[in-house]
Amino acid sequence: MAKITLSNLRHSYYPNPKTADDFALKQIDLDWQDGGAYALLGPSGCGKSTLLNIISGLLIPSEGKVLFDNKDVTNLPPDQRNIAQVFQFPVIYDTMTVYDNLAFPLRNRGVNEAKIGERVLEIAGMLEVTDMLQTRASGLSPDNKQKISMGRALVRDDVNVVMFDEPLTVIDPHLKWKLRSKLKELHQRVRATMIYVTHDQTEALTFADQVVVMQMGEIVQIGTPVELFERPNHTFVGHFIGSPGMNVLPCEIREGRAFFNGVDVPLEGEIRGKDLANTEIGIRPEFISLGPKGIEAKVRKVSDIGRHSIVEVDVAGSKIAVVVEDEPPNLGDTVFLIFQQDQTRLYSEGWLATRNGGAS
Amino acid sequence: MTIWLRAGRPNNLPVGALAGALIWPGRDRPGFLVSRKNTMALELVGITKQVGSQTHIKETSLVLQPGHFNVLLGETGAGKTSLIKLMAGLDRVASGKILMNGQDVTRLSTQKRNISLVHQFFVNYPHMTVFENIASPLRVAGFAKSEIEGRVEAAADVLQLRPFLDRRPHELSGGQQQRCALARAIAKESNAVFLDEPLANLDYKLREELRDQLPELFAGRGAVVVYATSEPEEALLLGGNTGLMNDGRVTQFGETAEIYRNPMDLVSAQVFSDPPINTARIEKLGNRAFFGAADWELSGDAMGLQDGIYTMAIRPNYVLPVNTSDAFVPVLGKVQVAELSGSQSSAHFTLGAENWVSLSSGVHPYEIGQEHPFYMNPAKCFFFGPDGKRAV
Amino acid sequence: MKKQNNRAWFFVLPVLVLVAFNALIPMMTVVNYSVQETFGNNLFFWQGLDWFEKLLRSDRFHASLGRQFLFTGSILAIEVPLGIIIALSMPSKGFWVPVCLVTMALPMLIPWNVVGAMWNIFTLPDIGLLGYFLNHTLGIHYDMTQNPLAAWATIIVMDVWHWTSLVVLLSYAGLVSIPDAYYQAAKIDGASNWAVFRFIQLPKMKNVLTIAILLRFMDSFNIYTEPFVLTGGGPGNSTTLLSIDLVKIALGQFDLGPAAAMSLIYFVITLLVSWLFYTLMTKDDQK
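Protein chains in written order, with the numbering used here: chain L, 1 to 360; chain G, 1 to 392; chain P, 1 to 287.
Next comes chain L alone, as it looks inside the complex:
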């Protein structure tokens, strides 16, 4: 297992990149601790797959370095980096049995058969595939195939890092959570450094101890799932994480106070920074409640999703989503919104511009 350091990493798919837009990765500096569970989260085209390929060695970055335990591996090919990877679509060796599939990475490295047998049985036990060890891998269901792919990645105990590239794409929703929990459990047991790449917030947040949110080739925020949910650094993170995402409402700043639609909205703390521009209030649907008075709004849409309702209201042309736990209002009703003060933040040019605490 190893600590992973990415320093001054930039990458472009063009031979002579000129503007910043030519770079798929603009500037990445990261330190990942040994044995951590990390996720790279972002929409398609944000550069997360590029970054993954650079770490695995399938791609050599245009600039910057990749270090494993402070050792420069930037120019090493994948097979010399001692890494493992699970791909979006299950990669299995059709003609082999499940056992041989799991043993393959060990056999290629000349491990003796007794040791191989021991490791394969151990991993098969963790993945609950022991009873299929002697069957041919080609006839398995997609989720079992993906389990075998994961098993191949985990069977070596000397890997520096295990990477997962959207591994649950082909898995049925009712099995997704099972594999997700399995993966989490495996991490807790083997304690390898794991990097999980996905566009799915649920997968990223449930798997990782620390999530790296990326957008357009840049890291927007690194934090624990709770931090990303509660204090997004940027409106993009607020929008991207959470379903529905954070409400972002245009506001005016007068004498250090924020006004939305003419109403003074108390913020979590004092405003920092001087050159405020394009100021917006950010508040999550979970932290808005309906009360007898507050910001007046009209109900536009009500979606009952079982455990709660998502109510969409309109305030002077701004759309606001509210999570309502009990009986939702009716369509067209006038309601009053109350923003939970310690969860109401100000953003300037997209970036967080309030200090934590002060008010609560």
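Any given hint could be a false lead.
Claimed, not checked - In silico contact screen, one side only, chain L against chain G (beta carbon under 10 Å); selected entries:
1) K178
2) R180
3) Q201
4) P225
5) P244
6) R272
7) I305
8) G306
It is worth saying that the hints were derived from the structure and are not from the lab.
These numbers come from a predicted model, not from an experiment.
Just so you know, even glycine gets a beta-carbon here, dropped at the ideal spot from N, CA and C.
Following the hints, position chains G and P against chain L.
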């Protein structure tokens, strides 16, 4: 099993009148059923589908109405796509009838049914521009040039494809490609639109966005919209009516939120739950229910049950790690996995031989492998008899 | 319970009529000939299974059947590995892809009798480009009209030249359909080039290779035109393959009965071996 819900025809018109007055209004496009707002209904009367000795669709009867989404929810292999293929005419039924607008279309080919189909994979003609892609079904139907342009532009506006009309599909992102496929379905003004997991291959956030727009897109178009999905949450967000599918059978059909609250049988409760609904065998004796070490006083309808063994089911969000009411029943579970996703915590735990899940808002720390008390809300339990049917 | 609709048979009728005319009726004629003896004048005498028995005991038949198997075996042993090697070394994208594909397809576009004639002239010891080069420049004695070994080498090289492309194109189609992730996974798993070939490329090419081998087997087992034009079955009988022998008996000696019996045995062997090949190669998929 057969399910009849909301039978009856729109506007109470007799079938014959509908067929006579509305289906052949002109001779400009012979063979096409012409849509009329809010008069369409798609009826399946006891249809089955057999492939070799295997039954893919067991006897199914449904009435699908326009004006809201008709969601088909079920796991992969439950028969959603098979059913859609039958309705679209891409497959022939083994028995039964399919009525569109009251007219028997069972033997009508797909081309003559005037339907649209949007797939999970973005199916567009790669050599045509977006404009041509959207226009293609209209050209086949022989519309005038000016009308084609008008309809294509209107559809492109709704789906925000205006700036891309001259591009080819490979120059578009996945979301735009799927919007192009949707625009084609909208421009055609079909009698029925089948959406077979149209968002499954899109990014999470994009999925959210399009899912939000979809019901509005088709609102007021008078077409019957059928939407297949394998995600329970998607069905809830889309609203409308939902048919739950399992093993080639529609187990329950009705208003989405209503059937979520009132599953008719255990299978339906299981199909419509993510994470999976918690189940346990309980014994009812007198006024009390016994479950492992726990027992509690029954209330409401459950008191009227005969004494005996039942399967109890309770959704994960009614099994909480903290006690907020005296009425809650404590159970002791051994935590296997804990997950945290921003606003929600979930714990997978074992309870005797059962695997249960608890889903709660906020952040709850769990220790893996340790016993932890959970509290279930007895008022939210469903009871199913030995035959799987809902007892209360 | 289910109502059977028998109208479907009506639609199959035209095909049945067509098959009857171009396969069933000629075949029945052959069967008819194979159990009778004729001396012309449309006079036939019942012969029973005599022809079959004689043929199966005849040394001549054994020899030409042996040569046929030797020929087919040799060309399969060369064309399949060679085709795979060429397919593996072809580029997977870029400008050279269409160039390679077209070059590969060229030999297959030439009519069979032209191929025979081409190679005949090409290998003539005195005026043929190859023949002259081998004899006069390299000093190797090579004359396929005199030397059986040279004749054999020539028909095999000719067939390899003509048909290896088929194996190449089919294998190539199989190869380009393998997703990149497989190669990346193999790299990460530390697999050698041989292991990549053995466990990824070969299994993914299996289906197309089955088709390639079947096609090449049937084609080469029934081959007639090219060797006939090239060597005429000589020198002596050294390259008289089954089909050439059959034509000699049927049209040269006008022994219709034995020729008919031979065609039927020939047909059964082709069918049997094809079936055997196919079952063996697809056996694993049944599991």
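Verification of the supplied hints:
no.	hint	verdict
1	K178	holds (9 Å)
2	R180	holds (7 Å)
3	Q201	holds (6 Å)
4	P225	holds (5 Å)
5	P244	holds (7 Å)
6	R272	violated (24 Å)
7	I305	holds (4 Å)
8	G306	holds (5 Å)
In terms of the numbered hints stated before, the structure departs from hint 6 and from no other.
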